[in-house]
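Full structure from sequences and hints, please.
Taken in order, these protein sequences are the chains called A and B.
With my numbering applied, the first sequence corresponds to residues 167 to 527, in that order.
With my numbering applied, the second sequence corresponds to residues 167 to 527, in that order.
Keep in mind the hints are simulated off the structure, nothing from the lab.
One should not assume that every hint holds.
Since the list gives no way to pick one copy over another, a pair counts as held whenever it fits inside one copy or between any two copies.
[Claimed, not checked] Subject to a maximum C-alpha distance of 25 Å in a straight line, what follows is the list of computed SDA-like cross-link-like pairs (lysine to any residue): (1) Lys211 to Glu481; (2) Lys190 to Lys211; (3) Lys381 to Gly281; (4) Lys272 to Met483; (5) Lys282 to Thr393; (6) Lys211 to Ala480; (7) Lys275 to Arg209; (8) Lys398 to Thr268; (9) Lys436 to Val333; (10) Lys188 to Ser289; (11) Lys282 to Gln197; (12) Lys398 to Arg494; (13) Lys272 to Trp419; (14) Lys211 to Lys485; (15) Lys188 to Arg170; (16) Lys525 to Asp292; (17) Lys398 to Leu474; (18) Lys376 to Pro470; (19) Lys300 to Asn526; (20) Lys190 to Trp419; (21) Lys282 to Asp257; (22) Lys398 to Thr283; (23) Lys398 to Arg452; (24) Lys188 to Arg226; (25) Lys525 to Gly332; (26) Lys485 to Ser192; (27) Lys376 to Gln197; (28) Lys300 to Ser289; (29) Lys510 to Phe193.
There are 2 protein chains.
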Amino acid sequence: MENRIHNFNPGPSALPLPVLEKIKDSFLNYQSSGMSITEISHRSKPFDDIINDAKLRTIRLLNLGDNYDILFVQGGASLQFTMVPMNFLPDAAVADYVNTGTWSTKAIKEAAILGKTTHVAASSEDKNFSYIPKNLDLSADAAYVHITSNNTIKGTQWHEFPNTNGVPIIADMSSDILSRPLDIQPFGLIYAGAQKNLGPAGVCMVIIRKDMLEKIPANLPSMLKYTTFSEKNSLYNTPPCFSIYAVQLVLEWIEETMGGLENIHEINVKKANLLYDLMSDDGFYRGTAQPDSRSLMNVTFRLPSEDLEKQFVAEAMEKGLGGLKGHRSVGGCRASIYNACDMKSVEALVDFMKFFEQKNG
Amino acid sequence: MENRIHNFNPGPSALPLPVLEKIKDSFLNYQSSGMSITEISHRSKPFDDIINDAKLRTIRLLNLGDNYDILFVQGGASLQFTMVPMNFLPDAAVADYVNTGTWSTKAIKEAAILGKTTHVAASSEDKNFSYIPKNLDLSADAAYVHITSNNTIKGTQWHEFPNTNGVPIIADMSSDILSRPLDIQPFGLIYAGAQKNLGPAGVCMVIIRKDMLEKIPANLPSMLKYTTFSEKNSLYNTPPCFSIYAVQLVLEWIEETMGGLENIHEINVKKANLLYDLMSDDGFYRGTAQPDSRSLMNVTFRLPSEDLEKQFVAEAMEKGLGGLKGHRSVGGCRASIYNACDMKSVEALVDFMKFFEQKNG
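Have a look at this one:
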């Protein structure tokens with residue numbers, strides 16, 4: 167048997183085992199093509215079927231109208247930090263950004279590098295980004311409002327999206343896309359690096375409302391212009407075929423095995439609660455995010471000392487529980503429990519946490 | 167047994183079977199990590215080992231001094247068309263471009279979109295890009311000279327690189343990188359989408375001479391600046407881990423199984439000659455590239471009629487010889503015989519071509 171661990175990595179992270187098995191089984195000969203999925207042409211019928219199926223499944227899962235398009239772009243969310251203002255923020259205009267941590271901060275920084283004007287409509291920096299701001303100071307006529315829907319490093323998540331009076335929200339959903347149902351209406355664009363909830367690294371999914379495409383200036387570099395991807399079904403140049411294929415299989419798994427977003431959300435809530443139930447302000451495990459802003463994807467917590475944290479991570483690994491170290495910029499511990507991290511893994515972690523507290527608490 | 171075809175796809179294209187088998191065998195558990203290669207952290211020891219090994223093998227294969235660095239960038243060669251002038255062509259300066267077909271033309275176009283000044287130092291457009299120009303009209307002080315070392319669509323290849331009097335050559339080597347030994351001295355930067363000679367789609371290798379890094383303006387978007395990749399060992403953000411891993415295995419195969427670039431070049435010459443020997447100006451198979459400019463990677467040819475070409479491609483496919491259709495922009499036939507396309511496949515194609523000519527010639 168394959169001796170697999172319980173994988174709590176923040177990204178790249180666990181993938182559903184049935185997806186991995188499917189990739190493995192057909193790896194030398196994809197659907198009787200006589201080729202590996204890595205060897206087939208991106209302009210072939212089999213690949214067209216893959217990319218179109220991935221789009222249709224996303225549309226069904228999120229219940230999107232035909233006023234949305236799905237694109238597959240390279241460069242991760244980090245390139246989106248540049249593409250978003252390049253495409254949607256004219257030099258004379260302003261965009262509102264809500265700063266909820268490392269990734270929002272980087273998004274703001276990249277807009278500034280382009281010489282664009284941003285307004286920080288709210289920030290939770292005053293309390294070490296431990297919460298999601300409730301009151302936003304929105305500009306009168308912002309080009310868009312940018313948010314980071316889930317903050318992997320700080321362990322916070324937007325549970326209700328702000329009312330922006332019709333100004334399109336642009337959201338980095340890299341770490342919680344397709345983890346819960348979504349009312350798409352306020353969103354003009356959503357982007358998500360695949361390597362947390364969608365698949366392996368190497369592709370970024372972009373969900374774009376079609377009226378946004380009309381706002382894009384004509385003279386942008388082809389590979390940095392959403393129009394290029396929309397007009398060419400993400401096949402202007404050779405796309406990251408393997409990653410898109412794996413995303414398609416993950417979407418199939420969400421839809422057919424997990425029964426869609428309502429179901430997966432219910433499981434995600436249960437998983438997160440099992441862990442948060444072990445935490446309290448003055449207990450052995452202290453959650454770092456404020457309770458009403460806690461993430462269902464990244465459970466961040468501290469132990470009584472850094473030595474105990476080190477010991478916790480090391481002993482967990484010995485017991486086959488991997489990836490529990492907090493981000494290097496904040497320390498502490500973190501359990502990333504994306505869609506593909508299953509209940510059994512969380513239960514194993516809970517058992518270990520109880521055991522470790524009894525021994526050291 | 168896996169019923170695999172002889173794969174002559176132009177890219178994505180054939181990969182070495184031992185590489186595919188290695189990926190498959192460890193796909194559920196990479197090196198006893200308990201995780202798939204698609205699930206391990208890009209900031210882990212196993213992934214560091216992969217990326218560093220890939221770099222070292224490239225350095226050894228090309229015999230590079232320590233004044234070169236190897237980067238892994240997303241977006242393919244098409245994004246390089248933008249990054250090259252963005253990083254190395256100041257607004258007041260000029261860069262020389264040699265236009266040898268579709269990809270060179272796109273590179274020139276993307277520089278123009280940025281508002282940069284390019285000078286076409288030579289073009290083979292007068293004869294439908296069927297040759298590599300010998301005489302270049304170089305500018306007095308160009309920032310760089312850009313060439314496309316191999317032209318997949320037109321089937322031409324530079325067999326000797328131009329003397330640019332010390333001006334750095336920047337080359338798109340997407341379709342012939344590591345197919346032959348190379349004197350690196352004149353090159354300031356080489357880029358290559360992986361999906362032909364290096365691995366699966368989704369990563370672009372950049373070989374950069376370190377003094378070039380000093381010319382890069384400070385205020386570029388992080389993900390479009392070579393400095394970011396060089397300073398962070400291509401790990402500023404999550405890289406396309408799977409593609410880089412596969413590239414590492416292909417490099418290992420070139421070095422350890424194929425015995426390096428001298429050997430692989432010798433085989434590539436033999437493979438190409440087997441095919442070109444079937445062609446003549448007035449024969450059944452007519453090569454489209456001028457003999458002294460013929461590519462060792464993409465053998466492009468015509469048959470007496472378009473109907474026969476269609477029939478040729480279809481009958482070949484029935485016999486397990488795939489990917490022989492010419493690029494949609496030029497028609498005809500094309501056999502792409504990159505490093506991983508082995509001698510047996512070429513011999514099978516030669517047999518089929520003789521058979522088809524006898525039947526229809």
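Hints, verified against the model:
| no. | hint | verdict |
| --- | --- | --- |
| 1 | Lys211 to Glu481 | between (49 Å within a copy, 18 Å between copies) |
| 2 | Lys190 to Lys211 | both (21 Å within a copy, 24 Å between copies) |
| 3 | Lys381 to Gly281 | both (19 Å within a copy, 21 Å between copies) |
| 4 | Lys272 to Met483 | neither (31 Å within a copy, 50 Å between copies) |
| 5 | Lys282 to Thr393 | both (21 Å within a copy, 22 Å between copies) |
| 6 | Lys211 to Ala480 | between (48 Å within a copy, 15 Å between copies) |
| 7 | Lys275 to Arg209 | between (37 Å within a copy, 23 Å between copies) |
| 8 | Lys398 to Thr268 | between (33 Å within a copy, 17 Å between copies) |
| 9 | Lys436 to Val333 | neither (34 Å within a copy, 63 Å between copies) |
| 10 | Lys188 to Ser289 | neither (43 Å within a copy, 48 Å between copies) |
| 11 | Lys282 to Gln197 | neither (48 Å within a copy, 46 Å between copies) |
| 12 | Lys398 to Arg494 | between (39 Å within a copy, 15 Å between copies) |
| 13 | Lys272 to Trp419 | neither (32 Å within a copy, 39 Å between copies) |
| 14 | Lys211 to Lys485 | between (45 Å within a copy, 19 Å between copies) |
| 15 | Lys188 to Arg170 | both (16 Å within a copy, 18 Å between copies) |
| 16 | Lys525 to Asp292 | neither (36 Å within a copy, 80 Å between copies) |
| 17 | Lys398 to Leu474 | neither (53 Å within a copy, 30 Å between copies) |
| 18 | Lys376 to Pro470 | neither (50 Å within a copy, 47 Å between copies) |
| 19 | Lys300 to Asn526 | neither (38 Å within a copy, 76 Å between copies) |
| 20 | Lys190 to Trp419 | both (16 Å within a copy, 21 Å between copies) |
| 21 | Lys282 to Asp257 | both (6 Å within a copy, 20 Å between copies) |
| 22 | Lys398 to Thr283 | neither (31 Å within a copy, 28 Å between copies) |
| 23 | Lys398 to Arg452 | neither (49 Å within a copy, 33 Å between copies) |
| 24 | Lys188 to Arg226 | within (22 Å within a copy, 36 Å between copies) |
| 25 | Lys525 to Gly332 | neither (54 Å within a copy, 68 Å between copies) |
| 26 | Lys485 to Ser192 | between (32 Å within a copy, 22 Å between copies) |
| 27 | Lys376 to Gln197 | neither (34 Å within a copy, 45 Å between copies) |
| 28 | Lys300 to Ser289 | within (10 Å within a copy, 60 Å between copies) |
| 29 | Lys510 to Phe193 | between (28 Å within a copy, 22 Å between copies) |
In the structure shown, a violation is registered for the earlier hints numbered 4, 9, 10, 11, 13, 16, 17, 18, 19, 22, 23, 25, 27, in ascending order.
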